[in-house]
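S.K.: The primary structure of each chain is shown beneath.
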Amino acid sequence: MTDMSQATVRVSDLRKTFYDESRGEVHAVDGLSFDCHPGEVFGLLGANGAGKTTTLRMLSTVLKPSGGTASVMGHDIERDPEAVRRSLGFYSASTALYPRLTARETIEFFTRINGYPAERVQQRVEELVDRFGIAEYQKGRVDKLSSGMKQKVSIARTMAHDPPVLIFDEPTVGLDVMNALAMVKVIRELKEEGKTIIFSSHIMSEVEKLCDRIGIVHRGKLLALGTLDELRAVTGEHYLEDVFLDYVKRAEGIVGEAEIGPAGALHAAGDELPDRSP
Amino acid sequence: MTGTLFRNELRMVFRDTRTVLIAVVAPLVLFPLFIFITNFVEERESARLDSATYEFAVTGERSAWADDIVRTALNLDTAGLAIAPASFDRVMTQNADSLLEAGDLHVLVVGRDAVPGDSVAADVPVLELRFRASSDFSRNARNRMEERLLAVRTQLRDSVFQAAGFPVALDEVVVFESDNVASAEKEAGSFLGGVLVPFLILLMLSGGSIVAADSISGEKERGTLETLLTTASSRRDIVNAKLGAIMAVGLAVGLVNIANIGVYIGLGILDLPETLRIGIGVDTLLILLLLTIPLVVMVGAALLLLSGVSNSYKEYQIYFLPLFLVFLLPSMAAFLPGVELSSAIAFVPISGLAVATRALLMGDWHWIWGAIALGSTGAAGWLLLQRTEAALSNERLITSAGADEVEFRGGAALFPREVLTWFVGFWVVFFVVSLWFGEALGVRGQVLVNLWVIFLGGSILLIRRYGLDVRETLQLYAPHWRAWPAVIIGAPSALVLAIGLFGLVNRYLFPVPESLLESFGQSLTADISLWQLIIFVTIMPGVLEEIAFRGVLLSGLRKHLKKPWLAVLVSAAIFGVFHVSLFRIVPTAFLGVVLALVVVRTGSIFPAMLWHFLNNFLAVVPQEMGWIVIDQMEGVGTVWYALAVVGATASWLMMANRSGQLPPEPAGRPTKP
Amino acid sequence: MNWTQIGILYRRELRSALRERTIVVNGILIPIFMYPIMLWAVFTGMTFVQGINDGFVSRLAVDGPPPAAHSMLLDTIRGHERIQVREDAADPSVWDAQLAAGELDAIVSFRPIDAGALDDNFAVAVLYDRAEERSRQARERVRRLVDDYRTDWIAGRAESLDVDEAERTVFVLVGENVSSSEDIGQLLLGQMLSFFLVIMVALGCFIPSVDTTAGERERSTWETLMTVSASRSSIVTAKYLYVVTLGMVAGLLNVVAMMISMGAIVRPLLQANDEAIAFSIPLMAAPVMLAGATALALFFGAAMMILAAFARSFKDGQAMVTPVYWLVFIPILLGDQTDVNLSLGTALIPIANITMMIRDAIQGVFLWQWIGLTLAVTMALVVACLLLARQILKFEDFLMGSFDGSFWRFAKEKLFA
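Protein chains in written order, with our numbering: chain A, 1 to 278; chain B, 1 to 673; chain C, 1 to 417.
Hints listed in this document are in silico derivations from the structure and should not be mistaken for laboratory results.
Check the hints yourself; a few may be wrong.
Lysine to aspartate or glutamate pairs mimicking EDC-like chemistry, simulated, CA-CA at most 16 Å apart [to be verified]:
1. B:559 with B:340
2. A:150 with A:162
3. A:185 with A:212
4. A:64 with B:226
5. A:150 with A:105
6. A:144 with B:16
For reference, chain A alone in the conformation it holds in the complex (with noise of 0.2 Å):
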């Protein structure tokens, strides 16, 4: 079972509700739970407007929750949310760079600004623009850079304190193939030096490849946590799309038919599988 010890993020019952003019009450998370490890990639699989950002987005401090708790490397996110996001980096399509700074400097500011020991942060810089091949253009601002090299500025200043989660959210929407492939290939990587990643998409090949364990989100409540072989053992179904397709379609049939059909296999999809460290 779940070394509960080793967890480095922990989510339980998070709840976030919205009011909003033209939908009315959304619940927008809606009692989610589960735990995330070192080495680990753990995949947030959803539609859009899932609840995947606002989740993680509650983690990383920038939205409160209106219910449950979590915390990341044992720091609440209500009670200390600036020691959680110095130890998380937090990168997404909606998180844009300063404009009128060059690459170099907009590394070297999110370096100073997530509390980097002063001494060490222009060795951190090399390291990053070394890593990332940004040499070239480190002195150019970054609204006259490409979208990959932009990409790669935005990665950069994700990972810039060395934080030991990070979380990418929907982090190749936009970008072409070779830029997408690029990332993943970063992802690899962290994990590969121990990171605890989490990663939300709603692009099934890269879940595929890339997730130790993957959580499948629909209208805020989590319908299905474990390793891929394990959702595909439940559902049958060989792809992941089939995979999560079978679990949203019985979701919808659960809430469309009354409770009727097969709701032990997936009610509190949580509970009913087997949730395994890697």
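Using the hints, position chains B and C against chain A.
M.R.: Same frame as chain A, but now just chains B and C:
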């Protein structure tokens, strides 16, 4: 960490070359250009008026006599007399009036006998100067002709008196002479002290805005805010760094502009008043710097808050103009005559500092009051910073969800939050109607529109829109029987106290020109019969104003502000502001406090209605009917005030205490599941 | 040009503008509410100042009585309801210090004058502090009392010298204004409204012109729009007409709101001083103002859109257009001189000519040939701008937002290269 953020902010500002260019460099070039053109236009105007030849004609039944005087006036030796230069040209004509009408004559001198309308003795001849006020030339012709004629008259008078044996010229008798003891430094200090704070605010606002416009709102727009918020820096660090950047750039722009003005003065493009002599000691300079600190912090904090609540650069711009006025108007306080540092003004942010600065430069510095002025502005700045920090924690910065729970549910739960906004809207309508259509409507028409359309109509609108419970909102509950005698005793007592308060306010806060008071009294009661007065001024306000202010407004505020005393004060202040004229605001607000207390205390609106009716009745009818006369300026005797205090206390005690009984909260689903 | 398409596009622009807070607030709400409230604030401030001034009690120290024959003067000073003679200030040596400290408002002393054969003549010498308002007022009150006293005393003396009233008055001077109250109102309105109309039309064009070009590019709706089947010129024409409409509406609304508010607030003030003033404008001025506002909006709209169209963001667009807005003030200042009228020369100066044309029209002066020339000059400018715009639209890279977002860069590279 704040240091890193601060450097980053500055770096980004300076890389935005186009904005910096437009905001800093362009004014440096345009400013002298505007001054140059304005000076040019002004000089041209005055040269033109001086060098013009004014056409005049002389007519009237005593034209020969008038002609003599005018000729003497034009040949007058103006050396040593304060008379503006002018050359006149006489036109011989038969139809002078039509020439004047057509603009071919600038002034027409009519010599005639006095007529009854002139209010002088019948045998005194009259010189009438006809001119057209709609023409610069004609007005000037008249003024310059008048100066000369008056000088001639003085000479003629002197000769009449001397002929009768009077030994000296008339203006040598009982001579008035005056000497100014103010040093040039003090006069310069009074001028500089007045303009310094508004000028500094102006520069800080425009300079700081270069950073602020792009600060939080710009980060929101570009999506970098979320990046920043996911770093380990705290909200406070971010706010401090941004505030630092705004202040630094604001001050820098200010200094550049001041240096710029210095250069233009040096080049002679700008003229300083000749008497301006500045002598500032080191200690004065240090205090001056100390005074600017809270000012700069407060302006910076306000700009940052503005940036925090705006969602985009464009939105920031909308709010900037009102903010500009909100800061600039109170900074003018030092121009108000008679406002001294050692008064309530020291507690008003910005105004206090403006007055303190002037006092300092005039040599009237006072440490305790100066510290209060410093503290009030500093505290206001600190509060603004708190608000900004809170704004940065607002989730709406990040998510698209446009509403929180209460807004989403709407209805009665949302009403308390929006009631103030609605009343501001009502005020604007009320104000514009009375301003634009006041004259056309007349007093009765205005009363009808205000009471029935705005107050009652507005109340019904709000009750329907938010689906409010009418009984609970308007407090339509039966009061304890003791409330009625309490009102009968209380209303006259409070009225007497209000008269006393008006006297105090008039003496110490807002002295009212007596002419204004008189015209107000006349306008209120002009040609209205007694029964109309009772209906329009006592019964209708008693019922309808209570429904709007002590019903809808007070109930909303009591839920919104939680603390009953705060709700009472705010509702009263709004009630006061609805009586537009400055001198009526304070007494009306006092009545507002009393009436709101009656509602809170008795748990019913009916005693307040009776009270309001009695108050207006007693304030207007006896005086109008001439039964008693109270001079509002003088007030009534001390005995009456003492009786009033006793009466008010008795009334307060008699009203059953139901203040603890807040209307029940509307049932709603809990926020968290 | 397909006018049906232009109509559709134009309506879309207007609709989204009316849903845009910036435009609604700046163009409509500010004129309606700001003027009355600001004027009210000024009026209240004036009342306040007047009240304070009236209410001051002037604290005087009086050094010695005047000559016995003139002791009445001191009684008059003592009797003035807003003058308090400080009897406690017995020690003259501290008066100067008290005056400097603001505890006294003025020190009055009487100095005998040995003038000719007039017995008991004297001067009233007042020491005051010009830097203090209440001190200035104390001096003024004493001066008025002394003047009145002198007049009365001379009148009394005249009787004993047997000089009758007619003789000593010599003559009475009265002024009679033959202008109607409408004329004066028009003089004021002509100067203010012509100035404001031009500025407000420019301001009204400002935000829409930036928003519909640079703003669209920033929101990335520019390319969406360029891919619809309507021709580019139809799109740009619709945008142009929309900017012109808003500029005109903003200008005219502002002028109307100002006129009404000014009338409501200024008139009672002037009436208190017995000066009649009526705010109305000649009927013929309305079409002239409308024509002027239209011509201006056409010109400002075109000029501002050309500059803003290169910018990549609203902010950049604003930075490009702001100098133009400032420059508008120069011709207005020139055109607002009261004596300079429309003539062959002045009608050729853009913007200044329209300022003068509107001012004259409000004041009831219609020099039709120069009005025609003014409008023709403005329209020629408009045509020049439109031709330039057509040239610009031919460049593909303009549509993509090149040239570093700057019109000047474009002009350097393409027009003058």
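S.K.: Now, for every hint given, state plainly whether the structure supports it.
M.R.: Checked hints:
1. B:559 with B:340: Distance of about 39 Å is beyond 16 Å: violated.
2. A:150 with A:162: Violated. Residue 150 of chain A to residue 162 of chain A sits at ~19 Å, over the 16 Å cutoff.
3. A:185 with A:212: This hinted pair holds, its Cα atoms lying about 15 Å apart.
4. A:64 with B:226: 14 Å, holds
5. A:150 with A:105: Judged against 16 Å, a Cα distance of about 13 Å means the pair holds.
6. A:144 with B:16: 14 Å, holds
Of the numbered hints stated above, those contradicted by the structure are hints 1 and 2, listed in ascending order.
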